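K.L.:
Quick note, the sequences are listed as chains R and L, same order. For the record, in the first sequence the residue sitting at position 139 is 139 according to the UniProt record's numbering, with numbers rising by one throughout. For the record, in the second sequence the residue sitting at position 24 is 24 according to the UniProt record's numbering, with numbers rising by one throughout.
Since the hints were made in silico from the structure, they are not lab data. Wrong hints could be hidden among the right ones.
Unchecked claim - Pairs of lysine-lysine residues, derived as DSBU-like cross-links and limited to a Cα-Cα distance of at most 35 Å, are as follows:
#1 R:K49 to R:K92
#2 R:K76 to L:K178
#3 L:K76 to R:K42
#4 L:K114 to L:K75
#5 R:K147 to R:K76
#6 L:K42 to R:K29
#7 R:K42 to L:K42
#8 R:K54 to L:K92
#9 L:K188 to R:K42
#10 L:K249 to L:K3
#11 L:K76 to R:K109
#12 L:K42 to R:K76
#13 L:K33 to R:K191
#14 L:K109 to L:K178
#15 R:K49 to L:K76
#16 R:K42 to R:K4
#17 R:K198 to R:K9
#18 L:K178 to R:K263
Predicted model only: the values in this text are computed from it and were never measured.
Protein chains: 2
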Amino acid sequence: MLKKYRLTKAVKHGLSHFDPNDTGGSVSKEEIKDEFEHMERKLRNLQDKLFASKTNAVLILFQGMDCSGKDGVIKKVLSNLNPQGFRAESFKQPSPEESAHDFLWRTHKVVPAKGYITSFNRSYYEDVLITRVHDLIQDEEAAARMKHIRHFEKLLTNNGVLLIKIFLHISPEFQLEKIRERLSNPEKLWKFDPSDLKERDYWDSYIDAYEDAFRNTATDHAPWHIVPANERWFRDYLVLRIILSSMEKLDLAYPEPNIETTKLLEQLQSNTSLSQ
Amino acid sequence: MLKKYRLTKAVKHGLSHFDPNDTGGSVSKEEIKDEFEHMERKLRNLQDKLFASKTNAVLILFQGMDCSGKDGVIKKVLSNLNPQGFRAESFKQPSPEESAHDFLWRTHKVVPAKGYITSFNRSYYEDVLITRVHDLIQDEEAAARMKHIRHFEKLLTNNGVLLIKIFLHISPEFQLEKIRERLSNPEKLWKFDPSDLKERDYWDSYIDAYEDAFRNTATDHAPWHIVPANERWFRDYLVLRIILSSMEKLDLAYPEPNIETTKLLEQLQSNTSLSQ
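Using the sequences provided together with the hints, build the complete structure.
P.N.:
In structure tokens:
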């Protein structure tokens, strides 16, 4: 089932080939409730082993249009993780210090150390998306950046970072509905940014920029996942499945006790007092 | 009820006055189950307002002996927070770079910005605890550090940081029981550090150092809370109550919409199309 949403090389079809309303066909919202809880427990267990073994790190990167649910999916799928081994990073407009460095600098600083999981709400991909849409960089510079991204992602994966790249795919109609929702709910009004409405005019340019990014950066070791996100429950379910299936391949295990601990265990078994 | 556990000035009685087995008297583990869930929802709601308003920050600092449950309480009480507005920091042995700076440098770097909650698993208090117990600093240096801590905490609270300092109070018998537990559970064995057993010999020196720290740093704006922690359920319940009661005093509220948003809302009400 997951294969359908995974891009490991040049996309043959554009994004229009993927339906933002897709809900997987064979599952329903009610049916997956128990399965979802079961998967959450599995994820916590994998996180515990990851933290104990310190053999790998996990970086989950979310991209998508405004209102595509990047905040929501992080809250829903990842807030059950042990916060001591998990960090949610998000990237806004670069600060003057960040702009004075190369475009990978600010994200590189916060990639997860071995044992840890980090999520990126937006990422270095913005530097080949919003910048292209608004003509801040030319195609040549964009191509050079894609190459840097490929090298950077290779550096991370070579060092044991599992890189999970997720694009939350919504329709323009869905986005408008979400904007209306924000405007009509006093508790969500603060999230509304009037410039979101203006960005809607650039929808097609964003799609072009995304498709070009996928073509250039979808690889076997760092595939893109196109997640239909008009239906929140399916978005959450599919994202969790993708994360689990990727982490299961790491074959994580609790480490063996060290020599000192093994000795202590032997003492315990021979009934020597522990209290010294 | 909370007053009993709060220290705002010099402790008249030592820690021996507080019972690590205390469970509040009037509540039972079964009775608080629903209340606990209700309180968790309240905390998430307060976090949302904190994040939206950006008027304050919250720093929750945990100290306690090995095995007192610092990891556990953060996992149990704080893992329901939205990870995008919460960070769990922990401080181990300082790195060479950290040691080359003043003792407040590494913690100052990661205090929460307005809108955010951060927990500290251990803190700058270690620099007047473990260092004193092992005679790495003398009383005079310790007194100077306490003064720096008071000034530093004043700086934070003056800048809108709500500072919640929690000491998890356990008995030496409870600690031994926990060490045994770790040694007998293959999934917890990796957490066991043989040096924890050696530190048990310094129990009384640690108590002395803690009492001196409380005497010098318990203030109205940054009180200490002594949380009985032999019973995990009461520990979690009391910590959550302390956090809620402290945050409620901030009178957090969602911000008013800005002028541009207000105009848009008026357009919406007069039925102008949003889709432009």
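K.L.:
Taking the hints in turn, state whether each one holds.
P.N.:
We went through each hint and held it up to the structure:
Straight-line distance between C-alpha atoms of K49 (chain R) and K92 (chain R) comes to about 32 Å, which keeps the hinted pair within the 35 Å bound. For the proposed pair K76 (chain R) and K178 (chain L), the alpha carbon gap of about 33 Å is at most 35 Å, so the pair holds. Taken as a hint, the K76 (chain L) and K42 (chain R) pair is honoured in the structure, with Cα atoms around 17 Å apart against an allowance of 35 Å. For the proposed pair K114 (chain L) and K75 (chain L), the alpha carbon gap of about 23 Å is at most 35 Å, so the pair holds.
A threshold of 35 Å between alpha carbons decides the hint, and for K147 (chain R) with K76 (chain R) the separation of about 33 Å falls inside it, so the pair holds. Note on K42 (chain L) and K29 (chain R): the hinted pairing holds, with a Cα-Cα distance of about 27 Å set against a maximum of 35 Å. For the proposed pair K42 (chain R) and K42 (chain L), the alpha carbon gap of about 27 Å is at most 35 Å, so the pair holds. For the hint linking K54 (chain R) to K92 (chain L), the alpha-carbon distance of about 16 Å falls within 35 Å, and the restraint holds.
Of the supplied pair hints, the one linking K188 (chain L) and K42 (chain R) holds, its CA atoms being roughly 17 Å apart against a limit of 35 Å. Distance restraint check for K249 (chain L) and K3 (chain L): the Cα-Cα separation of roughly 15 Å lies within the 35 Å cut-off, and the hinted pair is therefore satisfied. Our distance criterion of 35 Å between C-alpha atoms is met by K76 (chain L) and K109 (chain R), whose separation comes to about 29 Å. Taken as a hint, the K42 (chain L) and K76 (chain R) pair is honoured in the structure, with Cα atoms around 17 Å apart against an allowance of 35 Å.
Restraint check for K33 (chain L) and K191 (chain R): satisfied, since their Cα atoms lie roughly 33 Å apart, inside the 35 Å limit. Straight-line distance between C-alpha atoms of K109 (chain L) and K178 (chain L) comes to about 33 Å, which keeps the hinted pair within the 35 Å bound. With a CA separation close to 18 Å, the supplied pair K49 (chain R) and K76 (chain L) stays within the 35 Å bound. With a CA separation close to 23 Å, the supplied pair K42 (chain R) and K4 (chain R) stays within the 35 Å bound.
About 32 Å separates the Cα atoms of K198 (chain R) and K9 (chain R), which keeps this hinted pair within 35 Å; it holds. Between K178 (chain L) and K263 (chain R), the direct Cα distance comes to roughly 18 Å. Compliance with the 35 Å bound is thereby established for this hinted pair.
In summary, this structure violates none of the numbered hints.
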